[in-house]
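A.B. asks: The two chains are supplied separately, each in an independent frame; assemble them into the complex guided by the hints.
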Amino acid sequence: MTDLENLWDDYPAGDAPTARILASAARQRGRRRRLLVRPVLTAGVATGLAGAFVAGTLVDGGGLGSGGPGTPPGARQLPSHAAFQADLEPAASCDDLLDTYVRRAADLVGPWGWGGGPNRVLLGGDGPGMRNEVTPLDGAAPSAQSAERAVAGNAYQDRSTPRTDRQVNSDTGTNVQEAAVDEPDTVKTDGELLLTVRDDDLVVWDVSGDDTERLSSLPLPGIEDAEIMLSGETVVAVGADDEAPAARTDPYGHGHGGAAGGGATRVLTVSLADPAEPEVTRDVAYDAGLLSARQHGSSIRIVLESGLPDLAFVTPTGRRGPEEALRRNRALVEGTTLEDWLPNVTSDDKESQLLDCTNVAIPSDELTIDTTSVVGFDAGAADELDAIGLAGRTGIAYESADHLFLATESGWDPWGRWPMEAGPEAGPEVGPGGEPRGTSYLFDFELDGTRATHVASGEVEGSVRDRWSLDEADGVLRVAVGPSSETGRFSSVVTLERDGQDLAERGRLDGLGRNEDIQSVRWFDDLVIMVTFRRVDPLYAIDLTDTTRPRLLGKLKVPGFSSYLHPLGSWRMIGVGEGPGAKGWGAQIGLFDVRDVTKVRRLDVLSYGRRFEALAGLDPRAFTWLPDERAFVTVLQRHWTSRVGYVSVVRIGDGRLGQRLMRVEYGADVDLVRAVPLPDGRVVLVTGEKAAFLEI
Amino acid sequence: MDPESESAYADYVEQSWPSLVRAAVFLGARPHEAEDLAQATLVRCYTGWERVSGADNRDAYVYRMLLNCLRDTRRTRWWKDRQYDVPEALERPATGRGADAAERVAIADAVHRALGSLSKPNRDVVVLRYFVQLSERQTAEALGVPPGTVKSRLSRALAHLAANDHLLDISGRSAR
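Going down the list, the sequences are from chains A and B.
Counted the way our numbering counts, the first sequence spans residues 1 to 696.
Counted the way our numbering counts, the second sequence spans residues 1001 to 1176.
A few of these clues could be false.
[Claimed, not checked] Only part of the chain B face toward chain A is listed, based on derived beta-carbon distances under 10 Å:
hint, residue
1, Glu1004
2, Gln1015
3, Ser1019
4, Ala1040
5, Tyr1046
6, Leu1115
I should point out that these hints are in silico values taken from the structure, not numbers from a laboratory.
Note that the Cβ used here is the ideal one computed from N, Cα and C, for glycine as well.
Only chain B is shown next, with the shape it has when bound in the complex (with noise of 0.2 Å):
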């Protein structure tokens, strides 16, 4: 890769740090997990980096390759045998700074326990539709089905959330 690509590709990372590992909890992951799935996601971008940098498809390729580092991920053992809230998963230092990691998990738990009740399908479009804002075109090119489906599954994961909720309020309706 060629210096100029590189440093875009580094720019990338760091400006889609914060939504990638977000993205990777709301999809189901633990945060020491997301962060792994974030990075493995990034690192596989790397190889076809100068095909897809300069492309406005650039984030819907980015987070198809967050599903499927997802998606190979629960293949793995690690995600078979995975615990919630092991000791060591609290203490990862994995930023350095040891109240956030309480923090991640907390957080964790409450999205899983919000967006648990969803089929994967409408899980991920809500993810990368409403919460990382793909478009709507991006959308359906990360999950590989038309866009009217996006369309179709946001709709009915928005409305099952919206009855659903008893934990968490995603319709806007009542404001707090």
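Chain A with its partners taken away, still in its complex shape (with noise of 0.2 Å):
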């Protein structure tokens, strides 16, 4: 030990004045605070409705890329593996699987084509109307906590009490649900470039420096209302493919929960090898509707949706009755091959069957008949193909890290047909019976890079809303239901495990928002905050530290609801919705404290009043939280006499909201209207032309 060594030791530096620090840092971060300052906005205005349009600094790049050259011939399927490990059995052979689909389609079948057509109307005795008045049931399982039971049951309160967690854009820069997983968006950047899409054109932008830069923009061929994924140098550009002929017969006419509907996506590979010259290098295309599409690292996973074959189905005319149009109807559908039911993959001209007969599992009848596919594929080589199907519909896609969920949507059969309570050989002309399916069914997949195995099936009670009703934490699958013909008038939260090739139920609360509908629900390690509404807007806190005992820790009513949860760490989160305010009854915008999520407390809330919506319910990709800024952008849209969209940043501070408004865009592009946090801090707010640099 030297002397200096021991004047270092000797030196009495106190204790550290950490809070003054706190003070200080607290009040640093407040002078950092800037409006409107960049020259890329002409005008500013805060909490006004005048706002400002976005002049971006625009250079034009000009150099169309060229199509893809040196594409591998057709699409290889990769080899098969043992998909189906649990309950779900493959189909022996093509015979089989076709079997199955024209016997199980043979119901669907009416003298009008598919669905039950005008006969619901015509033999409509016992109406289904009636049936749907379900008596309340409360408390129905008979293993079933009331959630009034659980509060009142709530004297302790252990310390450990669940948290919410933040939650921020993914590296891409798009708001997703789980933070592993990745989802498809009309914006991505690695920080450096930035890629829009708007109509089927991928444009290139340099974010790097001080402005954004245009570098190049391709057209996306053959594709429509694409959306797009980055990996590396490589962007999957997956929508509907608009070369497609004749669609299948979609009821819905869209898809649900994907990025693009319609009968026929397509796939398409660009290289931004040179981001001034970005190229095509793979096309793929399949005649079945996107359902979903997800990215996990280099891994691409589309869930796939075929519908229901088009056959040249006749229908009753003066000279033919309902009898002999039925007759001919189920003849169509016998005379089905598989080519109508199995999706075909076009790769280079080359088109080819997406799934083996013996990679399509068979359901159990329960499920309404279709065909799902499941495809895995890595970004580099969008053609060689991991794919295996379910001969069902099921509607719903939720991706964990390393699971994929598959859930049948609840309510009424999608194809307008209600389940025979007489059974599928009684035929339709039995007319309804029953009631809306009541129970959701629940197919587990592990999933290993581009590969899909399907390990464990489930049901569950109840209605699942959207993808945002499932998620899945340490092999626990936690689902948010709604009522259904199977439940009392509430909702509840089950969690669900596998045990062997079953997802066993582990746990439920019930009794939740009685009389309400579900409208957004947010989850967390040990957490669920789920919010109901029907006039007022009651927001659940649950505890799901023990599974096997969901419990309700608090609740909170105020006016309104919110259709987004958005939490900014573990004291604050957001709720993006709609409520009553001095304008009118229009979107509004809550600060709600959950540092102890026992007694949420809503902090502050903003209203935009009437005519506007916050569109972050639909699509929370128009949320962006901005944690470095204790600020977040969210997009509103505003009817008038067209479509208005403006940008919201709002700034946290002191447990208050403080906002400013900017009208950016209008028609149809407010929906790609998004604001992308960079690497560095920046936020680049695109609109559908634009990309230029946000002040916070």
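C.D. replies: Pasting the structure below:
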């Protein structure tokens, strides 16, 4: 030990003035606040409705990319593996599979074609409208724990009350459901380049400089409503195939939850090796609609729904009675071949069947007949496919870091058929009976790279609203279900765990939001926040620490409701939705104190007034949380004579929300407005045609 | 800043405080300046905290901030007009212990005399690497120089101190 070292150790540094440092840190942060500074924005007005247009600083960089050369011919299926390791049985043979399709489809065909058609009305004696009125069965499930009782028994309050966690945009700048799973969007960034899609053109921007610079633009051939994913220098665009011949029957008219709908899907791969001249390297088309597309690292997974084949059905006419029409239509169905049912994939002008018959599982006939395909591929090899199928319609796809869950949509059968109590052999002339499907079916697939393996199935009474109703953590699937014919008039949180090949129920909490509908759900490791609504917005915090016994921790009722919840951290949460305000019922944003989820409080609320609608409820990608700025950006629209899009930059400070509103876009482009955070902390505001830095 | 980061930050403030203050003194600051510098450094770090807190280069980042603060304050008036041992500085109840104040000034004087003969680059290296005990890589990052430069400056600085140990022994050869 030397003298200088002694002096070092002897120096009385004293205690850190931590409180003083924290206080000046907070003050300093306050000083850093700036309103509009950059010339990017021509004007800015705080809080008022008058706003500013975003004037981009654009530099045109021509150079259209050329078509994709050197694509290997045809799509290649990877060697198959035992994709079905649970109760789902793959078809033994192609004949077996076709038999199933034809047999189950026979129940769906009527004198007017698919679905009951007008015979629902003709034959509806004991109408479903009456059956639909389900008698409330409070605490229906024997193991159920009533929410009210749970609250009453909530006397003990352990210190380890679960907390919310911060959620920020994915690495590519998209506000996603699961941190580890990226989702397609019309905007992506790697921090240096920013990619936008509009009117089926891929535009590449350089965002590394002081101003955004438009480098190039590439028309994406044969694709409509494309959204993109980004893996290194590879862009994978997914969207509807606009070169497809007449699409199959899709009674919804559009996909749901996915990027684009319709009866056909196209996947284009674009290389950004030269950002000034991006080029299409692969082009793969599927004659099935897109339900979901997700990215795990460089693995891309798409879930496709084929829909029912488009057959030349007849309808009853003056000379041809309904019986004759039904007979003719049934004959058509009996004459279908596997080509009518199984999707095809086209790559490099070579068409092939996407699924091997023995890679299609036949679920129980509770599931409506359809073909759901789960297709995995590497971003760099979009034509080397790992594809398996399910001969049924699910409607909801949710992916966690290493699982894919398919769930059936609730309510009325999507084909307009009512499930027959009399069983399939009775045929449709029995007429409608039964009730809307009261049980949701769940299929659990384990993910490994591009491969999906079915490992368990389960069911849950009640209706699953959308992908946000599902969440997997530590191998436990948690589901928020709304009321159905099999439940009382309330919502529930159910936990399920794999037990062999079954997704077995582990615990449940019933009696939430009596006579109300689920509006939004946000899951955490051991907590769920759920909002239901009819007249007020009850927000429930439910403890999932013990998954066998979900426990209501607290609830809060405020006017209006939140259709999107975003946790800022473990102290604060934002609820975007609608509610009453001084300027009438319209969009509202609430700031909630969730530090103690047993006593959730609303600290502040912003009301935007009549005709304003917050888009985050419909599409969470319209919301961006910028933790470093303690601000978030959210897109609103106002219906007047046309759609007008606004961006609201909302700052959080001292438990208050302060916002400024900017008018940025009109019409359909409002859906494309995004605020994209870059790794260096700057934010790019992307509107229809422009991408410019936004001063927060 | 979210609460977890904030409490991690507060923990870091507590834990890093003594070294930061001592480093500021060893880099040439007067005792009360050293505390202001340490405080300013930590306040600056708050802004980018979430970006640096997880990384193993956190200390490098913080000490780089300290050097920046020191450089910035040297450009300001108080550094130019600084007066040694003004009574107010002695009496300043930095942490409420009056006796400490005199000791601080005495130690600071001794340190400044001992290290005053080093060039600024060499002094920075010896303080960060030898006293704060940052790793070679962290020191290099904090100073923005290659690790090899850290090594050579350190050996030069130690050699210089050893050769000028008429005030204090730094070489460790003469045990006391």
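A.B. asks: Each hint needs a verdict: does it hold in this structure or not?
C.D. replies: How the hints compare with the structure:
A cut of 10 Å between beta carbons decides the hint on B/Glu1004: the least distance to chain A is about 6 Å, and the hint holds. Among the interface hints, the one on B/Gln1015 holds; its C-beta lies about 8 Å from the nearest C-beta in chain A, closer than the 10 Å criterion. The closest approach between the C-beta of B/Ser1019 and any C-beta of chain A is roughly 8 Å, which is under the 10 Å cut-off, so the hint is satisfied. With 10 Å as the threshold, the beta carbon of B/Ala1040 comes within range of chain A, its nearest partner Cβ sitting at about 8 Å, so the hint holds.
The beta carbon of B/Tyr1046 is positioned within 10 Å of a beta carbon in chain A (closest approach about 4 Å), and the interface hint is therefore held. Because the closest C-beta pair between B/Leu1115 and chain A is about 8 Å apart, less than 10 Å, the hint holds.
Going through the hint list in order, the structure satisfies each hint without exception.
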